[in-house]
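Peer 1: Letter by letter, the chains look like this.
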Amino acid sequence: MIEFDHASRTYGSKTAVADLSLSIPRGELFALLGPNGAGKTTTIRMLVGLLRPSRGAVRVCGRDLVRQTREAHLHIGYVPDEPCLYDKLTGREFLWFIADMFGLPRHVSRRRIDREIETFELGEFADDLSESYSLGMKQRLVFAAAMIHDPDVLVLDEPMVGLDPRSARIVKDLLEDRTREGMTVFMSTHTLALAEEMADRVGIMVRGQLRFLGTVGELQKQMSLESTSLEQLYLELTAPGTAGPRRRADIPDAPH
Amino acid sequence: MPPEPPIAESPIAGSRIPVETPRLLTVEQEAGRLLILRTLTAWSTLRSMLGTARLRLGLVVVLSLLFWASLYGLFFEAFGFLESLNLDVISLLFNTFFSSLFVMLVFSTGILLYSGLYGSAEARLLLTLPVRPEAIFSHKFQEAVWFSSWGFILLGSPMLVAYGQVHGGAWTYYALMLPFMISFVVIPATLGGMLCLWLVGWIPKLRLHALSIGLLASSLIAAWVAWSVLAAGGSDRLDAAWFEQTFGRLTITEQRVLPSWWLSSGLTESSRSGFTTPEARASLVEACKFLTLLIANGLLLQMLAGWLARATYRVGYSHLACEAPHRRRTRSGRFDSLISDAGSRATRPLRLLIVKDLRLFRRDVSQWSQFAIFFGLLALYFFNVRSFDYNHAYKSMIGFLNLAVVGLILSTFTTRFVYPMISLEGRRFWILGLLPVHRDQIVWSKFLFAFLGSLLPCCGLVWLSDTMLGLGRSLVLVHEICCVMLCMGLSGIAVGLGARMPDLRESSPSKIAAGFGGTLSLVISSLFIMTVVIVPALPTHLYFATRSLGPNVVSRGVFSWLGTPGGIIASVAIVVAVGLAATILPMVLGLRAFRRMELA
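As they're listed, the protein sequences go chains A and B.
Okay, so the first sequence: first residue is 1 according to our numbering, each after it adds one.
Okay, so the second sequence: first residue is 257 according to our numbering, each after it adds one.
Don't read these hints as lab results, they were simulated from the structure.
Each hint should be verified, as a subset may be incorrect.
[Said to hold, decoys possible] To spell it out: a stretch of chain B is covered by chain A in this simulated footprint if at least three of its residues, at any positions, have a beta carbon under 8 angstroms from a beta carbon of chain A; those stretches are:
id: 1; segment: 289-297
id: 2; segment: 385-397
id: 3; segment: 567-576
[What the hints assert, rightly or not] Straight line, CA to CA, 30 angstroms or less: simulated BS3-like cross-link-like pairs of lysine-lysine:
id: 4; chain 1: A; residue 1: Lys172; chain 2: A; residue 2: Lys138
id: 5; chain 1: A; residue 1: Lys172; chain 2: A; residue 2: Lys221
id: 6; chain 1: B; residue 1: Lys767; chain 2: A; residue 2: Lys88
id: 7; chain 1: B; residue 1: Lys767; chain 2: A; residue 2: Lys138
id: 8; chain 1: A; residue 1: Lys138; chain 2: A; residue 2: Lys88
id: 9; chain 1: B; residue 1: Lys612; chain 2: B; residue 2: Lys767
Just so it is clear, CB atoms sit at the ideal spot from N, CA and C, and this is done for glycine as well.
Go ahead and model the full structure; you've got the sequences and the hints to work with.
Peer 2: Spelled out as structure tokens, the structure:
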């Protein structure tokens with residue numbers, strides 16, 4: 001579903017993403033972790049077609065994001081880290097706009113809009129101008145907009161920012177349901193607990209390079225730290241001067 | 257078992273897939289969807305204005321109409337005067353006016369599109385949807401054209417209506433006027449858009465250099481034209497010979513390949529057009545030919561721009577977003593330290609706020625470069641006013657006109673840069689709100705920054721103008737007092753209204769300035785400038801007219817008293833009173849509103 005083929009992206013002389021090769025199959029929830037400036041957002045922006053790789057290619061459902069941008073976009077739903085809405089549109093009007101841009105017929109749009117309003121509990125304020133929304137309400141609306149065309153791939157950049165515990169639960173349940181139905185989720189997050197709870201696989205990116213790729217169990221195994229939390233593993237792996245996963249014996253103060 | 261969903265041809269892969277899946281839109285469908293979006297947002301904006309700010313809306317409409325009527329009156333008199341001289345300079349006047357606007361529209365639309373296409377959150381959203389890049393360009397182009405050309409319509413329409421009135425234009429002239437203006441605007445605006453796409457798409461690293469060179473070249477050409485018009489000495493009166501000599505130097509703008517020539521020729525033809533005589537019908541046909549020429553060129557350029565957007569927009573966006581971040585290190589200057597440290601402890605927060613704004617101004621190239629260009633061009637013009645060699649009565653009037661020009665340019669800066677300052681501060685209020693700074697000090701710091709910052713360049717320019725005109729000390733003093741009042745009043749209007757009507761949701765200063773409050777601020781500023789200039793100009797002119805032409809030139813009664821030193825002193829007193837009122841009233845309103853403002 002998602003394929004990074006030796007994708008690199010530079011910012012002047014600085015390499016933000018270096019030779020990233022990654023394949024995520026249908027129905028998987030993948031979490032990309034890493035410290036600030038690791039290259040997560042650049043990776044996501046290449047995945048949604050905002051940035052072009054300097055080298056290599058990015059494909060979604062077999063469509064190249066550079067050469068078949070629009071075709072690829074039909075398969076992608078995107079929740080950015082900063083929700084962008086039209087202040088002078090109501091939530092419902094915004095959803096209609098997004099559904100229209102994806103070319104959904106009117107009757108399908110109507111049904112989907114009602115479905116998403118119900119799913120994300122937007123009914124109470126769906127007809128208010130979005131300029132009056134709180135951050136959490138905006139984030140829920142953006143989620144609804146990203147799901148309106150039933151995308152094959154959902155790309156999430158820090159999805160839980162601004163969501164209250166109930167909304168976060170709704171999103172988690174939704175992601176579980178949809179991945180079970182075959183949707184692929186690519187998520188960038190700093191919330192390690194979320195990745196630990198939900199992700200099928202995690203990727204840990206440090207200074208533009210994928211330092212680890214696998215399940216949390218595999219990471220624990222690789223570092224011989226079976227009883228250690230993802231947070232501890234993550235901190236160990238992303239510590240300054242660390243080149244890759246170290247073994248338990250090499251880590252001072254690690255529980256033996 | 258649920259029924260099968262309906263099946264339709266998929267435009268994506270050529271296979272048959274359920275129609276419930278998303279599909280690519282045609283060009284027309286994309287344009288239609290984006291038009292609906294624009295209509296919805298515009299309607300919603302208008303509705304919320306009518307619901308919450310009727311008085312403000314009414315005030316803006318009334319003041320704008322007054323402004324339009326004043327401009328109309330001014331142009332009506334000017335065209336009448338030229339008509340009385342029996343001169344054929346209208347074509348040259350139109351050509352010069354429209355060619356200048358052409359250049360300005362190229363740059364202003366290009367700059368607006370740059371921020372709209374590459375810096376806006378909306379563009380980021382649209383680029384993640386299955387939309388053609390040319391459709392996004394077209395959508396943002398419409399927005400940029402609206403923002404860049406409303407001034408052209410506001411300034412151009414009273415001029416053209418006045419021209420039609422003076423020259424007895426038939427209804428066909430008025431009917432064709434707006435189509436002419438709109439079709440003309442599309443050409444420079446599209447060129448500006450293409451320039452923007454080309455610079456970012458193909459030479460992203462050199463875009464700022466190219467833009468600077470372009471602006472510099474345009475400024476040099478404008479300066480050269482101004483110099484060639486003004487430098488040579490000539491007749492000392494505003495008579496037919498002077499106009500012919502002066503406008504003769506502007507024939508460079510009468511090039512048949514320029515759209516400004518098509519527009520001015522079309523307008524002059526349409527002013528003679530009609531259905532009554534064969535000549536009028538022939539003129540109408542000629543006018544329609546020029547309109548067709550403008551429309552055809554506009555459409556051709558739109559097609560080329562669409563092609564350019566398709567080829568470069570996404571690439572350019574990616575290039576620009578992936579530029580190496582500039583690390584700019586800078587130290588605070590001695591001047592900053594001087595302001596911060598001098599004075600009492602009680603006023604230190606105020607001074608620190610001024611220093612902060614000063615630093616932001618210095619580090620924002622768009623602010624100081626525009627300031628430098630406009631005031632530099634004005635200084636260049638003032639250096640040359642001595643070449644006119646006016647008699648004394650005209651010298652006084654020219655001095656006041658120069659004062660008005662300084663005021664008008666300052667008002668554009670106060671509206672564009674000073675008015676949005678409080679709104680932008682509101683977005684950072686969580687920082688200031690936690691500091692031990694009284695809210696009043698924030699507003700006062702903006703006022704002092706604008707007032708003190710504008711005082712030196714404006715008073716310097718007025719002094720330069722008066723010196724070049726060879727005016728006496730007393731008249732220089734009158735002009736300088738008026739200038740101080742202009743700086744104070746314009747700063748008060750911009751800061752006061754900015755605090756009274758802040759837009760805390762908008763992050764773009766240009767959009768804040770283009771909003772209701774900004775427009776209102778510009779209109780009030782213009783009326784204020786007219787008052788400050790006209791009130792002392794009349795008695796001063798009467799005084800010099802009496803002195804040079806004898807006491808009989810002025811009739812008895814109040815006019816004869818006005819033309820005495822007492823009349824001039826009284827007028828200056830009125831200017832001071834108006835200046836104080838223009839400062840105090842908006843500031844009081846702004847301070848009150850800012851104290852009560854709730855900032856989440």
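Peer 1: Holds or violated: are the alpha carbons of A:Lys172 and A:Lys138 at most 30 angstroms from each other?
Peer 2: Answer holds: A:Lys172 to A:Lys138 is near 17 angstroms, not above 30 angstroms.
Peer 1: With a Cβ-Cβ cutoff of 8 angstroms, does the segment 385-397 of chain B contain at least three residues near chain A?
Peer 2: holds (count 4)
Peer 1: With a C-beta cutoff of 8 angstroms, work out whether three or more residues of the segment 567-576 of chain B approach chain A closely enough for the coverage to hold.
Peer 2: Since three or more residues must qualify, the claim that chain A covers the segment 567-576 of chain B holds, with 4 doing so at under 8 angstroms.
Peer 1: Check, residue by residue, whether the segment 289-297 of chain B contains three or more positions whose beta-carbon lies closer than 8 angstroms to a beta-carbon of chain A, and give the verdict.
Peer 2: Satisfied; 5 residues make the cut.
Peer 1: If you draw a straight line from the CA of A:Lys138 to the CA of A:Lys88, is it 30 angstroms or shorter?
Peer 2: Holds: A:Lys138 and A:Lys88 sit about 13 angstroms apart, inside 30 angstroms.
Peer 1: So if I understand the rule, the pair passes when the alpha-carbon distance is 30 angstroms or less; does B:Lys767 with A:Lys138 pass?
Peer 2: holds (22 angstroms)
Peer 1: Mind checking the alpha carbons of B:Lys767 and A:Lys88 for me, to see if they're no more than 30 angstroms apart?
Peer 2: holds (15 angstroms)
Peer 1: Is the Cα-Cα distance between B:Lys612 and B:Lys767 30 angstroms or less?
Peer 2: OK: B:Lys612 and B:Lys767 at ~23 angstroms, within 30 angstroms.
Peer 1: Could you grab the alpha-carbon distance between A:Lys172 and A:Lys221 and see if it respects the 30 angstroms cut-off?
Peer 2: Between A:Lys172 and A:Lys221 the Cα gap is close to 27 angstroms, so the pair holds against 30 angstroms.
Hint compliance for this structure: every hint is met.
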